[in-house]
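Residue numbers (our numbering), protein chains in the order written: chain S, 1 to 346; chain V, 1 to 346; chain C, 1 to 346; chain U, 1 to 346.
Source of the hints: derived by calculation from the structure; they are not laboratory data.
Predicted, not measured: the structure shown is a model, and the values here were computed from it.
Ideal placement from N, C-alpha and C gives every residue a C-beta, glycine not left out.
Warning: the hint list may mix true and false statements.
What the hints assert, rightly or not - With the Cβ distance kept under 10 angstroms, some of the chain C side facing chain V (calculated, not the full set):
1) THR26
2) THR29
3) PRO30
4) VAL81
5) ILE83
6) ASP85
7) CYS104
8) TYR299
4 protein chains.
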Amino acid sequence: MLAARLHEYTEEMSEALSIDEVDRPTADTPDAVVVEVEGAGWCQTDNHIVEGMWAEYAPQPLPMTLGHENAGTVVDVGENVDIVDPGDQVICHPHVTCGTCRPCRLGEDMYCENARFPGLTTDGGFAEYLATNERAVIPLPEGVDPAEIAPHADAGITAYHAVKKAVDELNPGDHAVVIGVGGLGHIGLQCLDATSAAEITALDLKAEARDLAADLGAHHVVDPSSADVAAELDAITDGVGARQVLDFVGADVTTGYAPDITAAGGDHHIVGYGGHIHEPAQALVDGEFDYRGTLVGRYAELQELVALVERGDVALRTSRHDLGDINTVAERLEHGEIEGRAVVIP
Amino acid sequence: MLAARLHEYTEEMSEALSIDEVDRPTADTPDAVVVEVEGAGWCQTDNHIVEGMWAEYAPQPLPMTLGHENAGTVVDVGENVDIVDPGDQVICHPHVTCGTCRPCRLGEDMYCENARFPGLTTDGGFAEYLATNERAVIPLPEGVDPAEIAPHADAGITAYHAVKKAVDELNPGDHAVVIGVGGLGHIGLQCLDATSAAEITALDLKAEARDLAADLGAHHVVDPSSADVAAELDAITDGVGARQVLDFVGADVTTGYAPDITAAGGDHHIVGYGGHIHEPAQALVDGEFDYRGTLVGRYAELQELVALVERGDVALRTSRHDLGDINTVAERLEHGEIEGRAVVIP
Amino acid sequence: MLAARLHEYTEEMSEALSIDEVDRPTADTPDAVVVEVEGAGWCQTDNHIVEGMWAEYAPQPLPMTLGHENAGTVVDVGENVDIVDPGDQVICHPHVTCGTCRPCRLGEDMYCENARFPGLTTDGGFAEYLATNERAVIPLPEGVDPAEIAPHADAGITAYHAVKKAVDELNPGDHAVVIGVGGLGHIGLQCLDATSAAEITALDLKAEARDLAADLGAHHVVDPSSADVAAELDAITDGVGARQVLDFVGADVTTGYAPDITAAGGDHHIVGYGGHIHEPAQALVDGEFDYRGTLVGRYAELQELVALVERGDVALRTSRHDLGDINTVAERLEHGEIEGRAVVIP
Amino acid sequence: MLAARLHEYTEEMSEALSIDEVDRPTADTPDAVVVEVEGAGWCQTDNHIVEGMWAEYAPQPLPMTLGHENAGTVVDVGENVDIVDPGDQVICHPHVTCGTCRPCRLGEDMYCENARFPGLTTDGGFAEYLATNERAVIPLPEGVDPAEIAPHADAGITAYHAVKKAVDELNPGDHAVVIGVGGLGHIGLQCLDATSAAEITALDLKAEARDLAADLGAHHVVDPSSADVAAELDAITDGVGARQVLDFVGADVTTGYAPDITAAGGDHHIVGYGGHIHEPAQALVDGEFDYRGTLVGRYAELQELVALVERGDVALRTSRHDLGDINTVAERLEHGEIEGRAVVIP
């Protein structure tokens, strides 16, 4: 079968992956599930993997097929698989977990001690077929197109997971800020609107993104290039600050907003990455705010997100691309030229 | 009356405060309480105030009497005060709050929108008498010496507040790390031991502090000057990491331990300060850990800490000093020469 | 001034209260607030008070003016009152609290150790003027009519408080059941819809109430007189049961649904009352469900409900009545002939 | 092999079970684990099963081997088992779960939709060998005797699970009540003491049980046969009531304490069963207390309890009995003549 593979780390997105002929995976363990991929989202993290930014965090045996936002149809299962049969359509949670380590037992499957992450540590879904397992697949509701829902497997669940932590702290009338209304941010904003009664302010440099935010439920939008962000938020929140900030950008400048815009006792959630935090410890003490990391989300959270999609509460903006055009997708995302989410159709 | 006052910011601790003759405060509002101070703890934060580190965070009308860890005997009360009478011994919560703003209504009195903080924003307790209010005093249990308990008014409650947040996340067998076993750390360690069944590891550069930690309940001690902290914690925790880290130091080097020693989903609590956080956003994403700020603690938490003291679960190491020796205390703390907590007796 | 007062307990609602001439209250303590009442809701609890059902739970010095759902305009304040001035429109939280006992300090003002409850333990709002205090008033947003919002002071906040506890346990796709879509239930249903993405099933004997439920966001409605409630819920929830049940009726038959319709680990919230729980302890063990009591709600929760009203998320169905017609209101509510909420205009 | 089996429901404990020769189980699925039983606790629930009290809650194919508190040595494993090998000593969680249903994914393994419960719904551990699976076994720490720890597999985890829910609500100085210091209660009391700083009051009709409670950390003991329980608790708690009540008895009289002894906002946990709740809904409203069911506990909680045992925080009182004496054990427990916990050695 054909697969888009990374052979060596590069900054040059036009040469990111090569389309190789490789062996098709088989269901060779009792819990194995093989999926024919019908949609695989391209993610900012794919650019970061290509650049080598994940090499120090996760082992990557190159060459390796990328693609961690996958959906499609089950074609083969191991002897012990009960929850799906060949022919079922599924979305694939990106973490293939064991179910017996303590984190798995606690429901914290992202911390599984025996996991693999197709597209990050083993072969992923930019290919005709993907090898995963029973604990990583969720059957799709009737009538949902795998190519439409695929990006929820990582972009969606990551946004939802961060929003869920934020919503736990948001009462009606409290203020929430969404920084960056791109691939993740536009999902997060809809999740926030569907599951809370918070007042939402969206920040984005691009006018189209701010318009999208307003369409999707933001009560206020701010252009950080023309406004004093701290002063704007102070006015919007009557001096109280935002109880929860969802930072889908994670640049130096956005992490630096925290001391100025976060309410006492509030949280600044780091979802996007690329930049750094540089703050005096005293700033966190004075405002008693937190920087909170976000790592994808749990299998059970992906079930909840699928329920939101089925209710019509969350809609994705997607565009479709052939496997052969994958480096063009990589390049265009690098230049901020992709609206919504690009899905590769192998 | 005599009061130890700051006239201008200085790095020179031997000239930090001057002993001035000032007017004695009176109970001039319905909720006012005037306390004859019988013990006032000197805190690392006092050194930071003297150096001007708090000037950008909190307005300070100089000259101002320092001292925010106060206990003593009520001598005068306003007409509406019900919970104490003259003659009652009390410990003074450091935040003098309104009781009607939304944070006060939520029990979050540290975020009160109309508060003053004696010793930080108005005259404090390094004086014969202190002006506070009904919402800031807690009657002492029978037989408790005000000079013995005074440091709990800030050091104690700050340590307890951070520990309480940590304990919410600690199951029996989980690992907790205490960084710095000084004035706050030795209280925090005892609170952790009394309210959880966590495995506790203490880090300190000084051998006496490590010995104290072992006496107070630490299961493991580590000397960060001679050991590879990450490797030690990896061994102690069987590769899982510490679910909760209490950083009573807050230096660049201690905040930098987080990515290496914190378990996935864990928290690094910033209690001490002076240094900075410098970490890539990606580190927080990869380990899904949080940096969490800590600002003193709630009035209700000080009640809980007094209950722990009354049960014999938390003992303070204190030394007593005359008001006239206050700059010597400041200087010795600056050089790390104070064991336990210094209490000034006005 | 005129006031509708209870002189003795009676089952006869047509003689419940008498309209007496009494002294107008004055602002005689530093925190006192006197409100000219512009709307006072009549509540099922008023019927229960008239019948003497609260005599064993709360001391009632008869004769006493009823009315615990009050809103109007401030006309007089004590010297220490900061948050309102004469002329301000307010809604009155029903619990007049001290602000200094431990429950108040924890934000649990319903458990205040020094509270009074106008209309239940002291004179209430079925009168031209009401005596309350600073801690019990919330300024109204611009343009809100006191007579329209008054019932939120008890019916609204009680429904919201129960819903808030339920929403903490509801993930998207989980099932919630609302039993009884009357005065409280129709508010609770809207709060549930505004602050969660749960699947909502409403139960009511009356067709109009079920229609109202469907209008307000219920996804399923069930008539318990014609359907097997357990079988219906089993079908609706795919055999899982409802994770949260809000029982706004509290009759023997409704508390008895719990073992059959509540999901493992779920909660049955007792909001309405009048009936009993009769269940074997083993039923609670087998299903690990809880019966959870609900007592009005916190001041901070009334602020949150006002925010929901201001956002347009919660609308009240009210009818207006003269003070002189108050016993007719009592009688009609007893016979289930009041749609929405009756508001008395003194 | 020999097994003690229930052939028909009976009130006559001297004829409860018969010792039959049956086939030894084999590891016939990929996740199967066969354990040689070295200790199997007899539980009050075994008496209830013999009496038929569980027939309506759980299907029981008679004849069936009882015994749900098992520990021993692994003798055979399926091909996919990773966490144990033959020769390893283990304690067996009583719920044999699937790992793929939504409750399992949430860590709520007691609510598994595909579980079996050896000793309650399939053959249990009063036999030489027990069939369980990989998700149900926990390796024992070095030096722990299976016969000593076996009762923790149900009595221990059930007590710990209830206590853990209680401890989440207990601050230092809050009051907790333990009703019944028998097989479960004496474990619960130790767990409470090890993981909280609550003031503990124990109630028991037997003087030996009250003495044991005092030895194990209770600060107050009450004999409900000679004291007015409500008045005693009122005195002990200064009129506030107990924030958490752990009812290890579950009789009509003990559930009836709730309105009188539970603090506002508190919980009465139903752990023992046999009696009923009979309370007016209004009582739960007036005191805003909850009746909370308790169903065994999670696998992860059994890991935590094993950690407490390893720390020396929880000690079991056990007596050992031969398989052939099992009906004598049943009879003596029925008459309250077993101190601590009876363990059958097959």
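* Please flag the earlier hints that this structure goes against, numbers listed from lowest up. => 1 and 6
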